[in-house]
Structure formats: C-alpha cells, structure tokens
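Peer 1: Residue numbers (the numbering used here), protein chains in the order written: chain A, -17 to 432; chain B, -9 to 49; chain C, 2 to 314.
The set of hints was computed from the structure by calculation and includes no laboratory data. Fair warning: there could be bad hints in the mix.
Here are the simulated lysine-lysine pairs, DSS-like style, with alpha carbons at most 30 Å apart [stated by the list, open to error]:
# : chain 1 : residue 1 : chain 2 : residue 2
1 : C       : K203      : A       : K351
2 : C       : K203      : A       : K384
3 : A       : K139      : C       : K194
4 : B       : K36       : C       : K307
5 : A       : K351      : C       : K285
6 : C       : K307      : B       : K29
7 : A       : K384      : C       : K307
8 : C       : K307      : B       : K30
Which bits of chain C does chain B cover? Going by a derived footprint, with three or more residues having C-beta under 8 Å, they are [what the hints assert, rightly or not]:
#  : region
9  : 267 to 280
10 : 299 to 306
Output of the computed footprint for chain A on chain C, the stretches with three or more beta carbons under 8 Å from beta carbons of chain A [as the list claims (entries may be wrong)]:
#  : region
11 : 16 to 28
12 : 103 to 117
13 : 120 to 131
14 : 206 to 220
15 : 246 to 257
Quick reminder that beta carbons are idealized off the backbone N, C-alpha and C, glycines included.
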Amino acid sequence: MGKVLNIAPVSRIEGHAKIAIHLGDDGNVEDAFLHIQSLRGFEKFIEGRPAEEVPRIVNRICGICPWMHHLASNKAVDGAFGVTPTPTGHKLREMCQVMAHINDKILHFFFLAAPDFVLGPNADYSVRNVIGVVKAAPELATQVVKMRQLGQMMLDKFAGKAIHPIAGVVGGFAKPMVEEERQELLTGTRTLLDFASFALDYAITNVFSKYMDAIGELGVINTGFLGTVDRQDGSLRLYDGVQRLMKADGSFVEFEGRDYADYLGEHVEPWGYSKMPYAKSWDEGFDMTLAEPKGIYRANTLARLNVCEKISTPRAQAALEAFRAAFGRPAQQTLLYHYARLIELVYACERTIELLEWEGITDTDVRAKVTPQAGRGIGIVEAPRGTLIHDYTTDDNGCITKANLIVGTTHNIAPMNMSVKQAATSLIKDGVYNEGLLNQVEMAVRAYDP
Amino acid sequence: MARSNMVVELLEDFGYEADRFNLTWVSSAEPDKFVEAVKKMTARVKQLGPVNGQDATVA
Amino acid sequence: MGVTTALEWLGSCSGCEIAILNIGEDLVPIITEALDIVHAPVLMDHKYFGQCGEGVTLTIPEAVVGIVTGGVSNHEHLEVLEEMRAKCQVLIALGTCATHGGIPALMNGQNRQQSWEEIFQTITTDPGSTIPTIEVPAPLDRVYACDEKVKIDMQLPGCPPNPELIAEVIVSLLEGRPPVLPGKSVCDTCPTKREGKGAVDKVKRFITNAELTAGEPIDQMRCLLEQGYMCMGPVTAAGCAKRGAPSCISARVPCRGCFGPVRKDGNQLLDMMNALASNGIDYKSVVDRRSILRFSGAHGQLRPVKKQVEKED
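Okay, chain A solo, but in the shape it has when bound (with noise of 0.2 Å):
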C-alpha cells in the first residue's frame, strides 16, 4: 500500500502551498505535486473601482513586490486613460521599482534561500533560517540586515511606503524629488552596489563552487523562458521593453505587451488555484512531462539572463559573462536561480545610480494631464518573479469592466511542479527519505523564489 508525504506548508517562501509525495508500493515516488493553496479574486474586486484607485488596490496582492503590482497596474490604467507620463515620472517610478529589485533579492537570497546553503540542507529545522544565519555568521547577517533595512527605508523615505506603495499614479508620480533627496538615494545605493557585488563573488566563491553537484541535478528540467529585453539591442530591462519567449533550443519570438494573448495560455488543473500560464503560440498544447514538455517556459531572474542578450551596465555585464562561459545559453539548471539572481542583484543597484544620474529626474513635470475613459490598457513589468501582466478594460466614467491578471509567480507553477517531481524521484528510493531529503525537494521549489 503506497502513501503520501504531505510537506506543508511548504516554507521560507512568500506564498501559501504544499508539497505532495505520492509514494508506490515499491517506496518509489509515482508521482509529486505542488499544490497552490490560495485564491483571492482580485480580478474580480477591482471591477467597479476607479481605475486611477486600482494600483494601490492590487499591490495588496504581494506584500514582497507591491512596487511590481503597483506599476503594472498604474502602466494598463495609463493605457485605458490614453495618457503618456512625463519622462520624469516615467523615470522616478523605474527608480522605485529597481529599487524594489534591490531589496528583493537581499532578502530572498540571504534570509529565505540562504540558510540552506550556509548551515546545509541536512541541518536541523530548528537552526536551518535566518535565525541560525545570524548566529552562525553574526557579521555576514548584520551586514545583510543594514543593507536590507537601508534599501527599504531609502524608499520608504522617498516614496512615503516601501511596502504596499502609493507614490507611483496614473500620469507620471505623486511628488517630484529634490537634489537633496537625490544625493542621499545616490550615497545609499552606491553602498548597496559594492554590498552587490560583494554578496555577488561571496555567493560564488562560498556557496555556488561547494554545491556545483547538486547545481546540476537538482531540480533540473528543460523549457523555454520568458522575459523582457530593450526594443533596440536586447539588453535586460526590468520596467519596459518588449517581451521575448524562448525555446528550450535558443531561438526565440519577440511581442508587444498588447499582443500578449496571442502567445501566452493560461492552463487550469482541478489539484491547485494557480493558473499555469503556457506557451500558447508554439500550438504544441500543454504537458508537464519530464522528458517531453509541451508549452511550458519558466520567468524570473534565470529565464531573464537567458533572454537577454546582454546587459547595459558595466559590473552586471562582467557577471553575465562569466555565468554564460560557465554555464552556457540557454542554462536550463533550477538552483542558478540563485546565482542569476545575484547578477540581477548588481544590475539594479547600476540601473538605480544611473537613474538617479539622469539630469532630469529631478524636473517638477512629473504627471501628465489625465482624463479619465473608456478604453483598454496592458501594463507589463518584470516582477522578480517574472514577467507581470496586467489588462484593464474600463467604462467612460474610468472605472473598471474588466480586468485580467498573469502574475510573476504562476509562470513559474508547472515548471515548479516539474522540478518537485524531478527532484522526489530522484532523491527519494525504495521508501528511504529523510527530512533533509524532503528539504531538498523544497529546495527546488525555493529556487523559484515563489
């Protein structure tokens, strides 16, 4: 008589989910899911609402990347209300969402992932967090919470509310910024850039050499990725760009963000509330099977490196670089998550300092003119979760008829799902599993920063 493993919740990530081991007779794992434990209905609850309201509504839906939300969100309402914002609103909202990049990936690598790698995926539960980072490395996680905190208050300074933000409005932003405000956000972000890179090479040298083996097995599987790069030389953007879907081989189509339908399926399973988005433009359907996936591509920080064909600030360049020459293009292995995510990592802190560097971001110009209307808008960001999709129909008083939503994390849930039943087959043998085997599984879903 077969059983299963229920690992819930599954932690040290930002969402609700569990893990479900189905083991046989034999002990051998028939098969694995990760379910999504979760609905809220936002797409439905913001009908109704004033269109200008809807971005500081929906940030609600992540309390680790509102900025994402915010901004996709306030992007679709200027394309229901037909407004373009001045280049100096459009700039200072770039500022906070990099910005919020920046804090992301501090916290997700050292507080969430890090305790895995630092104290080994064997150690007790007990110590295996941030609270046994902090007590086996006192200097390294002091150094991490300043960064974090200075990261977070610069912006929460800045923008009234690092979390759950409001400065960012339809139009452009809600205040302009002054040169005082300026130097202080340029001295805070070139510290947190030489934190970067330091993090950066400390992640190479101490935790990525010392887990290549697991690097190359665990969690690993092949698909196709998603993400954002510049209309020109297809270098990585974050806030704006033209989306590219890649193929597992390497070659790749590009769309506009109002095209998105076109080329992006949501698939739905009786077992988990996400929707998992899909390729629907490759017209090959939709299968998670190991060995031969149909539809399915992955976004975040990975699928980003290796979308983009290069990356337009110095230090970030050099990375990318090395990651390529080590790992190839399109480089398929999950836990490099982590090390593309350091990469990124440096990437926003160069993209803040050159933002910040922008002689007009301090113009007082920083809202257009808007009138509120009928008409459909499509708002994409890249979340550090992936590409971010928000599409806003409204009525001619400006609020909301219609509303559709791909969020960062879901493009993530079949690959995820691919990843678990990769890594429990592979680890779990004859009915032997322990919990630092468990832990691992979770390890290939941790990569996914879900």
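Dock chains B and C against the given chain A, drawing on the hints supplied.
Peer 2: The following block gives chains B and C in isolation, referenced to the frame of chain A:
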C-alpha cells in the same frame, strides 16, 4: 428629503435592499393612509425576508 | 531561552511579515534572544504534519505568544487559526486583514461563487476550465477578520502595520505592560496646513497631483481634504505616521483608510459620509462609495449589492 435619499443610497452601499426604507407623509387626520402605509411596509419586509443572507453559518 | 513565539499567515500577502523585518537592526536581538520562534512558515521549516509529512493532524507547537496575519477566507485558514488559538497563550492579530478583513475582503462585496467561476474564464484561460476542488482548501462563504472566529487578545491594524508599533507590542508584552499605541485618527497625526474648507462642496478624484511646492516641508502643504481630494484621514485610525507625517500624506497622496476605522467597531463609510455631509460636501461626488470600505469589509460591513425587488402592487 435629501437625507432620506442618502439613507436609501447608503443602504444599497451596505448591501441591503433600498426597499427596506420608506418615507410616507401622513397627517394626524389621515388614519387610513397610516394603516395603509404600515400594511404595505410590513408586507414588503416579509417579502424581503431576513437581512443576514450572507452571514449564514459556514458551509 | 526567549519567550516561545509562533507566527502564522492566513489569507495574506506577506506585507505584514516584511513590516516585521522592517523593524531593522533592532529585530536581530528580538528574534535571536528575546523570542524563541517555534513556528513561522515564512522564516523556518516547522511543518504541520511532522517534518516528514506523515502525520494526519495539523499541529503547531505550544507558544506563549502567537501572531497571525491575514484574514480567514478558507477552511485551512480556519483550521490554522483555531490551532493557533489552542496553542498560544496570547494571540495577536497583526495587520488590517487580520483585524478588519483588509483588501481581500473586497470580495465580500461580490457574489463569490460567480466571481470565482469568472476568474477561470478569462481571455487567456483555457476554455472549459472550472474552479479547482482537489487537494485545495474549500472557501468559506466570505472573508472574516480573525476576531469573528476566535478570541483575539490584541489587535494591531495597518496595511502594512507600522514596524515601530510592532516592536512596541512585542517589547511591551515582554516587559509585562500595556503597549503605547496611538488612539486617534490619521488627521490627528497629520501636520498639513488647515485653513478651513473654503469653497469645497465636492470631492475630486486623485487624477491631478496635490498643490505643493517641490522640496517644501509637509507642514507647508495644505490639507488634501481642503484641497478638495477625497482623503479618509478623518475616519481612519492613526498609526501609519513615520518621520512626522502619515505615510501616504508624506508622499503627497490622500489617505485611503488602511488602518481601518478609528474605533475598532466603527464604520468608515458611514463615518466618511457623516464627515462630508456635516461639512456641506456633496456625498454624491464620491465615485464608488463602497470602496471606502476597501480595508474594513469583514464583520459583515461589505456585502454583495442586493437587487431591487419588484414592487408587490
């Protein structure tokens, strides 16, 4: 009158039927009108039923 | 050994957990020395069904202090909340979802079943998709605040809650004294200039920026309600102020009520309508009045709109 209109709209905002409120002007010399108004309102509330439709016990 | 503490999140977004982290460096001694965290899905790997997932009963360890975030919208949330209540001596509801329903309780203003069906019928969803029902927790009839389901010993609202106040609640508990929390409205903590309402007889949508001079301190800007914007400061509990001004106001953006009503059982929509009416401002100028309850839709305050019944005669 303005205030009674506001009551009606707020009742709807809170998810109650606007028909649960009614304002009738009756002078002290119009007993029949009073009786009629009370009968009508009573019948209407009976038809509407209990207000706590959404607060049913957990399924 | 520190005071044993369990953290749980129900229907939440993790913003409250990030707010806890935003306590910053002061958090390090709290989580390493003052508290002994025994369960916290966001930070550590204690599991409900045993570390190898073989158990059948959802179990959380006993703890002196329990902190729950998020509202109660499905049977799993309810089970977790009841287990937290059973195992924790002092149970704190943290964040507006836990105390008043928060943004997810906007669903209480909709027909939930129909809404959920439509969510699985969008333009990108595969045709024929239906609401998942296998291995996922079944929904409750609506979204509840925690105190509608179990006894809560302390409530700390905010979306997100203010890190300083979270620290104050934890420290006061450890010191065995009542916490010092602000008890008034957002307006009482707002430094903007008030000159009287003047000619304002309607409120306007926030589609133009506030009148302000770049770089000028916040106390030089005129009150946003007096500038004619719908600002919910008068009917919202204080607590968000950092650096001398309410958070949103410091970004020159009007308040939307994220700390819930001033009194725990207050009603932000009624209170706001009162505030507008008593100042001669036309309540009809508020577009989408129901969204004034966007943070406090639990406790039966936000319900689906009832259609007008046919007249009987």
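Peer 1: Taking 8 Å as the C-beta cutoff, is the stated coverage of the region 246 to 257 of chain C by chain A satisfied by three or more residues?
Peer 2: holds (count 8)
Peer 1: Between B:K36 and C:K307, is the straight-line Cα distance small enough, at 30 Å or below?
Peer 2: Holds, at about 16 Å.
Peer 1: Starting from C:K307, check that the Cα of B:K30 is at most 30 Å away, please.
Peer 2: holds (20 Å)
Peer 1: Check, residue by residue, whether the region 206 to 220 of chain C contains three or more positions whose beta-carbon lies closer than 8 Å to a beta-carbon of chain A, and give the verdict.
Peer 2: holds (count 9)
Peer 1: Hint check: A:K384 vs C:K307, CA-CA at most 30 Å. Holds or violated?
Peer 2: Holds, at about 21 Å.
Peer 1: If you look at each residue in the region 299 to 306 of chain C, do at least three have a Cβ nearer than 8 Å to any Cβ of chain B?
Peer 2: Our answer is that it holds, as 6 residues pass the Cβ test (under 8 Å) against chain B, meeting three.
Peer 1: Using a Cβ cutoff of 8 Å, are there at least 3 residues of the region 120 to 131 of chain C near chain A, or does the coverage claim fail?
Peer 2: With 9 residues close enough to chain A, the hint holds.
Peer 1: For C:K203 and A:K351, compute the direct alpha-carbon distance and say whether it is at most 30 Å.
Peer 2: The given pair, whose Cα atoms are some 20 Å apart, holds under the 30 Å limit.
Peer 1: Quick check: the region 16 to 28 of chain C, covered by chain A? Criterion 3+ residues, Cβ under 8 Å.
Peer 2: Three-residue rule met by the region 16 to 28 of chain C, so holds; n is 10.
Peer 1: Tell me if the straight-line CA distance from A:K139 to C:K194 falls inside 30 Å.
Peer 2: holds (21 Å)
Peer 1: Below or equal to 30 Å on CA atoms is what counts here, so check C:K203 against A:K384.
Peer 2: holds (28 Å)
Peer 1: Mind checking, does the region 103 to 117 of chain C have 3 or more residues with a CB under 8 Å from chain A?
Peer 2: holds (count 10)
When held up to the earlier numbered hints, the structure conflicts with none and fits them all.
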